[in-house]
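Number of protein chains: 2
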Amino acid sequence: MAGPTLRDVARRANVSIRTVSNVVNGYAPVSAELRARVQAALDEMDYRPNLIARNLKQGRTGMIALVVPELDVPYFAELAREVITAARAHGYVVMVDQTDGDGERERELLGRDSRATMFDGLLLSPLTISAEELRSRGNRVPIVLLGEHLFNGSFHHIAIDNVAAARDATEHLLSLGRRRVAAIGDQPYSTGQTAQLRTVGYRQAHTRAGLDVDERLIVPTANFHRRLGAEAMQHLLALPEPPDAVFCYNDLLALGAMRALTRAGRHIPDDVAVVGLDDIEEGQYSTPSLTTVAPHKAEIARTAVDTLLGLINGSAVQPAEIVTSHRLVVRESTVGEAPGRP
Amino acid sequence: MAGPTLRDVARRANVSIRTVSNVVNGYAPVSAELRARVQAALDEMDYRPNLIARNLKQGRTGMIALVVPELDVPYFAELAREVITAARAHGYVVMVDQTDGDGERERELLGRDSRATMFDGLLLSPLTISAEELRSRGNRVPIVLLGEHLFNGSFHHIAIDNVAAARDATEHLLSLGRRRVAAIGDQPYSTGQTAQLRTVGYRQAHTRAGLDVDERLIVPTANFHRRLGAEAMQHLLALPEPPDAVFCYNDLLALGAMRALTRAGRHIPDDVAVVGLDDIEEGQYSTPSLTTVAPHKAEIARTAVDTLLGLINGSAVQPAEIVTSHRLVVRESTVGEAPGRP
DNA sequence: GCTGACTCTTGCATCGTTGCAGAGGTGTAT
DNA sequence: ATACACCTCTGCAACGATGCAAGAGTCAGC
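One line per chain: the protein sequences are B and H, in this order. Going by numbering that gives the first Met the number 0, the residue at position 307 of the first sequence is 306; the numbering climbs one at a time, nothing skipped. Going by numbering that gives the first Met the number 0, the residue at position 299 of the second sequence is 298; the numbering climbs one at a time, nothing skipped.
Hints should not be assumed to be uniformly reliable.
[Claimed, not checked] Computed footprint of chain H on chain B; a stretch qualifies when at least three of its residues, placed anywhere within it, have a C-beta under 8 Å from a C-beta of chain H:
| id | stretch |
| --- | --- |
| 1 | 68-77 |
| 2 | 95-105 |
| 3 | 114-124 |
| 4 | 254-265 |
[Unchecked claim] Computed footprint of chain H on chain B; a stretch qualifies when at least three of its residues, placed anywhere within it, have a C-beta under 8 Å from a C-beta of chain H:
| id | stretch |
| --- | --- |
| 5 | 48-62 |
| 6 | 275-284 |
Simulated from the structure, these hints should not be mistaken for laboratory data. Each residue gets a CB set at the ideal place from its N, CA and C atoms; glycine is no exception.
Could you put the whole structure together from the sequences, leaning on the hints where they help?
Take a look at the structure:
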């Protein structure tokens with residue numbers, strides 16, 4: 000099972016271990032004749048370098064870890080894809096892990112027996128863990144945070160401008176003449192910082208338009224999955240004065256909300272217009288297709304990887320909040336032709 | 000940056016390196032007094048074991064790799080989630096990588112400088128690579144294949160019964176009285192073995208029902224993405240005698256097809272019934288929700304991980320084709336109430 | 001008091017690789 | 001002929017951990 004080592008190859012080719020290593024890595028000058036002999040031995044024995052040993056010697060692994068709450072949430076899957084691509088461009092591979100939104104599991108990551116030491120760096124999309132906790136764990140591995148806003152400057156952190164993104168979405172709905180715009184996805188508790196920023200943007204849009212917010216139209220949800228979007232929408236439809244538009248804090252909520260609307264016989268967008276956030280591919284193919292705020296995922300991934308590699312290679316950059324771009328993508332759920340309607 | 004090693008802690012606590020190691024691992028008997036002293040030193044210095052060194056010594060990493068064509072294809076994302084969960088139950092972590100359906104990248108994996116040696120085992124969902132190629136690479140790492148059918152017994156291989164799954168889907172449509180059942184997703188070339196099996200099942204259903212297959216209703220696609228499902232559906236709708244039902248070889252094709260149908264003003268399922276395969280979560284929330292054949296993903300993942308760990312731990316099991324279960328999940332796209340219709 | 005058994009602790013070798021410094025040999029300039 | 005530079009090649013030590021076997025110390029038993 001165990002393959003041949005440098006020593007085995009060296010014995011066979013009748014040279015020193017060191018020379019074999021040199022041939023493998025193309026390091027020091029080796030005479031053509033000897034090189035050929037060694038190469039032959041390498042080939043015959045089908046030598047593969049033991050990367051663990053190499054890593055130990057070199058003090059780096061060429062691996063970074065990407066930790067997300069849930070890998071089968073499309074946004075994270077799409078982000079993971081971009082991160083893998085960005086890392087590969089630098090010769091790094093990515094190990095993806097998920098925490099299931101379980102705070103314990105996030106903490107495990109930083110604990111004494113964590114496998115984090117196996118990686119040159121960590122990209123973490125935190126869900127419940129706080130900055131203080133993160134800092135107090137005195138981690139040895141460089142960390143770059145994704146997505147969550149943590150209110151202090153201890154870590155590098157990449158995210159879109161959540162306030163502006165939510166404002167853009169809401170303003171789009173208001174600009175269509177909608178006047179009862181609901182919001183689905185607020186999380187008015189300590190770990191819901193991103194959601195809260197989106198609520199701020201939602202309010203700002205109203206304020207700027209000189210409109211009041213009807214507090215009953217802001218529906219909090221415990222997570223960002225389709226089911227809760229549907230439930231929140233059902234709740235809104237049951238109000239005495241239901242909304243004529245809804246901004247959902249992510250696309251999954253929006254897809255769930257659309258499902259509930261269709262089920263209830265409401266027409267999108269005529270009766271209720273819907274906007275999401277994330278621009279997952281699914282929204283392009285839903286019925287109707289989903290208007291959304293699109294974060295530039297490739298940019299997020301590239302920036303995150305670049306920043307992390309910078310830390311790894313010792314560029315002592317100051318921790319910084321890095322804001323990446325986003326744009327509104329208008330589709331049928333707000334201005335669409337009504338499919339299957341006159 | 001570099002943390003303290005056993006040596007540093009040993010110096011501080013005035014004991015041997017070996018004793019510190021014993022305390023860390025709880026191995027040999029250590030007197031309470033000494034243990035306390037060492038533990039104190041460990042805590043003060045915030046010692047973290049260097050896993051790379053440990054791995055080198057022990058010859059295993061506790062990591063397996065999962066290689067899929069595309070991580071942002073929901074089926075693979077959902078599968079990855081299950082694999083991560085199954086592996087964690089055995090104390091293993093999973094590194095996920097994607098090949099982008101690029102044969103070169105699949106081959107890289109097995110090449111001389113592959114990082115595969117860093118893993119105790121490999122779960123591979125091959126797209127273009129053949130069994131012969133895989134075998135010829137004389138790999139050192141245990142491999143278990145997922146999903147693709149490779150016609151020989153050289154490797155462990157986990158998959159559903161693709162013929163039966165396709166037959167079940169098609170029979171469901173025929174049992175509804177549909178008589179022009181189309182198939183979207185055939186891949187009549189060497190790397191499309193899974194697709195071809197599904198075509199076999201599609202034909203079997205017709206044969207068993209005593210019906211002929213209209214070859215024009217079998218539409219091949221280059222991949223299994225939404226867009227090609229939509230295009231294939233448009234093509235089918237343009238036929239002189241369009242289908243009254245369609246079996247798509249995966250859910251993404253089905254969702255694309257449904258999108259095209261809705262766009263064209265056709266009603267699902269009244270005009271055209273649609274069945275997919277994979278049971279991705281998206282299909283539960285689409286409009287209409289999608290009837291599909293559901294592979295038991297958790298079972299696939301568990302079986303794959305168990306088999307791989309068996310190989311790793313040296314149980315010299317014979318390579319085997321392992322068939323996991325599937326079931327038909329009926330939703331609105333075949334027997335649904337028509338949403339938004341009288 | 002000596003032996004043996006037992007408990008606790010330690011040093012050495014090792015995993016497979018690479019960094020470093022130098023050995024050995026040849027060729028060139030003086 | 002001597003010195004020097006140069007090109008190849010090699011041995012040793014080290015990365016940080018663990019397996020092994022033995023060293024040191026304590027105690028009981030006869």
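Inset, instruction - Please count how many residues of the stretch 68-77 of chain B have a CB within 8 Å of a CB from chain H and say whether that reaches 3. - result: Coverage by chain H holds here, the residue count being 6 at a Cβ distance below 8 Å.
Legend entry - Annotated coverage of the stretch 48-62 of chain B by chain H, confirmed only when three residues or more have a Cβ within 8 Å: Result for this restraint: holds, n = 11.
Legend entry - Claimed coverage, the stretch 114-124 of chain B by chain H - three or more beta carbons nearer than 8 Å: holds (count 3)
Inset, instruction - Check, residue by residue, whether the stretch 95-105 of chain B contains three or more positions whose beta-carbon lies closer than 8 Å to a beta-carbon of chain H, and give the verdict. - result: holds (count 3)
Inset, instruction - Between the stretch 254-265 of chain B and chain H, see if three or more residues pass the 8 Å beta-carbon test, and mark the coverage as holds or violated. - result: With 7 residues close enough to chain H, the hint holds.
Legend entry - Given coverage of the stretch 275-284 of chain B by chain H, tested with a Cβ cutoff of 8 Å and a minimum of 3 residues: Per the Cβ count (4), the hint holds.
The structure fails none of the hints (numbered hints given earlier).
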